[in-house]
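Asker: Read off the chains here:
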Amino acid sequence: MKRFICGVLLAVLCFNSAVIAKEMPNVSASITITELENYKHKTVRKHYNVYDLKLTNNNTRAVLLSSDTELSFITDYDGEIISGSRRHLYRKSRKRDMGRYYGIALPGALISGCITVGTLFIGSPAAAAVFAGMYLPTDKAVRTNVAISQDMFNKNVMPSRLEPKQTYNVRLLVPKDIDLNEIVFSNVSFDLKDMYDLKIKVEEL
Amino acid sequence: MKRFLLLLSLGIISISACGCNQYITTEITSQDGDIYYGAYNRRDMIHADVKLFQKGTDKECDGVIFLNAPSRSITFKNDLVDATMILGCNDKTIITTEWQLKKRTFNDGYGEGVDQLNRIYQFKTISRKEFKEIAEKQKIEFAKDDNSFLKY
Chain A
0 MKRFICGVLL
10 AVLCFNSAVI
20 AKEMPNVSAS
30 ITITELENYK
40 HKTVRKHYNV
50 YDLKLTNNNT
60 RAVLLSSDTE
70 LSFITDYDGE
80 IISGSRRHLY
90 RKSRKRDMGR
100 YYGIALPGAL
110 ISGCITVGTL
120 FIGSPAAAAV
130 FAGMYLPTDK
140 AVRTNVAISQ
150 DMFNKNVMPS
160 RLEPKQTYNV
170 RLLVPKDIDL
180 NEIVFSNVSF
190 DLKDMYDLKI
200 KVEEL
Chain B
0 MKRFLLLLSL
10 GIISISACGC
20 NQYITTEITS
30 QDGDIYYGAY
40 NRRDMIHADV
50 KLFQKGTDKE
60 CDGVIFLNAP
70 SRSITFKNDL
80 VDATMILGCN
90 DKTIITTEWQ
100 LKKRTFNDGY
110 GEGVDQLNRI
120 YQFKTISRKE
130 FKEIAEKQKI
140 EFAKDDNSFL
150 KY
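So the sequences go chain by chain: A and B.
One point on numbering: in numbering that gives the first Met the number 0, the residue at position 81 of the first sequence is 80, and numbering is uninterrupted.
One point on numbering: in numbering that gives the first Met the number 0, the residue at position 40 of the second sequence is 39, and numbering is uninterrupted.
Since the hints were made in silico from the structure, they are not lab data.
A hint or two may mislead.
[As the list claims (entries may be wrong)] Under the rule of at most 20 Å between Cα atoms (straight-line distance), these lysine to aspartate or glutamate pairs were calculated in the EDC-like manner:
| hint | chain 1 | residue 1 | chain 2 | residue 2 |
| --- | --- | --- | --- | --- |
| 1 | A | 154 | B | 145 |
| 2 | B | 58 | A | 190 |
| 3 | A | 175 | A | 75 |
| 4 | B | 91 | A | 75 |
| 5 | A | 91 | B | 111 |
| 6 | A | 94 | B | 111 |
| 7 | B | 91 | A | 67 |
| 8 | A | 41 | A | 176 |
| 9 | A | 91 | B | 97 |
| 10 | B | 58 | A | 67 |
| 11 | B | 150 | A | 181 |
All of these numbers come straight from a predicted model, not from anything done at the bench.
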């Protein structure tokens, strides 16, 4: 029994570094909640709080993210919550744009088309109804989705490579109603071999 | 009338179920001599799911491609606009690609990608016939959210 316990202890000692991830050195960060004036998309705000993160790499080497990198939120009460991928966040918060109001629009178009042949006066109001019922809401949804996806994938995306001595603006979507304590990017490295955790403390929000 | 409606619905289903929207491949680059091939499938007006394989190896990637300025207007529909593609791979690399794609139809373009190690990938779109000549895996299944290589 003693020997077994000793063995377990030894194994824990030896593989300690492998089990507990090391913390990424020399990366500084500051974090702020984005105000309503700067981020207006209601479909996103319904599910998420929007945080702005400023990341600075103070190392002399570039910090590399990997495809194993996961973003998790450490909270006071709920423990650890793993964030969905950007793809998932976008899907959840976008406005539906394809197949919107087609139920109204297709018969509307048919009727208006038939009538336009006979009388122009009844046909054009019907066509206007189709425009208002189908084209306008779809167009609005597409424009909103472009703005959301630009924000998530183009302007404020987490870069896959943090160059030394450079600051990056990253926009994070954090689930609503959680007490956020710490944000952790797992599996961050210098060479894609030794993996570190990038931990960011959230203070007095 | 009933038979006509049945035929119409069958036709629509068969059109929507056959193949992908657009097939893509990479040109042979000096750094990485291998060819990548794949496809993307459009999900709404601006985004599509992507799957990419490396020829001759087990490397595969998946992710999303986003059109930055889609248009529903009839004019200038053949203009090329920016699109961003982010792919995660099973060898830990993330490939970020800037595409130039047709505004309205979301295809027919070219792009240049870079991964964390600054390797460069040249992408272009190809026809289904060309894809069949290149591809080892003819059937492409797109990843769901929980088994995607792009975790964040």
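Asker: Hint by hint, say whether it matches the structure.
Answerer: So, going through the hints one by one against the coordinates:
| no. | hint | verdict |
| --- | --- | --- |
| 1 | A:154 / B:145 | violated (25 Å) |
| 2 | B:58 / A:190 | holds (19 Å) |
| 3 | A:175 / A:75 | holds (14 Å) |
| 4 | B:91 / A:75 | violated (31 Å) |
| 5 | A:91 / B:111 | violated (29 Å) |
| 6 | A:94 / B:111 | violated (30 Å) |
| 7 | B:91 / A:67 | holds (6 Å) |
| 8 | A:41 / A:176 | holds (16 Å) |
| 9 | A:91 / B:97 | violated (24 Å) |
| 10 | B:58 / A:67 | holds (15 Å) |
| 11 | B:150 / A:181 | holds (19 Å) |
Violated hints, listed in ascending order, are 1, 4, 5, 6 and 9; each of the other numbered hints is respected by the structure.
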